[in-house]
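Asker: Residues 548 to 713 in the working numbering are what the sequence shown lists, from first letter to last.
Heads up, some of the hints might be wrong.
Claimed, not checked - When the alpha-carbon atoms are kept at most 35 Å apart in a straight line, the in silico DSBU-like pairs for lysine-lysine are as follows:
1. Lys609 to Lys649
2. Lys614 to Lys647
3. Lys647 to Lys557
4. Lys557 to Lys649
Worth flagging that the hints you see were computed from the coordinates, not collected in a lab.
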Amino acid sequence: MLMTSAEAAKYLRKLNEELASLRSREEQSRQFTVSLGEKEEELRPAYDYEAARDAMLALEEKIRRVKHAVNCFNCTTEVPGFGMTVDQMLIYLPQLNMRKLKLAAMKDVLPRTRVARYNSNLVEYTLINYDPEQVAADHEAAADELGRAQNALDVVNTTLRFEVEE
Numbered sequence: 548m549l550m551t552s553a554e555a556a557k558y559l560r561k562l563n564e565e566l567a568s569l570r571s572r573e574e575q576s577r578q579f580t581v582s583l584g585e586k587e588e589e590l591r592p593a594y595d596y597e598a599a600r601d602a603m604l605a606l607e608e609k610i611r612r613v614k615h616a617v618n619c620f621n622c623t624t625e626v627p628g629f630g631m632t633v634d635q636m637l638i639y640l641p642q643l644n645m646r647k648l649k650l651a652a653m654k655d656v657l658p659r660t661r662v663a664r665y666n667s668n669l670v671e672y673t674l675i676n677y678d679p680e681q682v683a684a685d686h687e688a689a690a691d692e693l694g695r696a697q698n699a700l701d702v703v704n705t706t707l708r709f710e711v712e713e
């Protein structure tokens, strides 16, 4: 079946929820407790080990196939305007975000800050050791690049289709 990365992510979420539900139901029914004097067969929950096992194995296989197709797509599909594949963009975006966060913290620092020391008569100052205008410009560039990269990746993830084995 053909799907986009966005569709595959939703499908994977659905499959993983189904698998979690199967595991939960199996855990609740694979053993049970009775008191002396109670009729064991009347209290026994419905449980078929082989059916539960086979259903979980089938879902796990579907999950592997979808994830493999997504991984192949991510490793071979280039994001227009960046010269990177999707998997490289998935590394680049957190790097950009970290750069932006660091620069945001740097641009908000005053050029000279008095250091308060308890039990000391010394007057000390912390001074920045960089050009705040350059940092502000780099922050804006990183924010712009991050937005542009996210939008480009969103377009790829919502428009390009790839084959997933059924």
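Asker: Within a Cα-Cα threshold of 35 Å, do lysine 647 and lysine 557 meet the stated pairing?
Answerer: holds (29 Å)
Asker: Checking one constraint from the list: CA of lysine 614 to CA of lysine 647, max 35 Å. Satisfied?
Answerer: holds (30 Å)
Asker: Is it true that the CA of lysine 609 sits at most 35 Å from the CA of lysine 649?
Answerer: This hinted pair is violated, its Cα atoms lying about 41 Å apart.
Asker: Can you confirm whether the C-alpha distance between lysine 557 and lysine 649 stays at or below 35 Å?
Answerer: Roughly 33 Å between the alpha carbons, so the hint for lysine 557 and lysine 649 holds.
In this structure, the one hint that does not hold is number 1.
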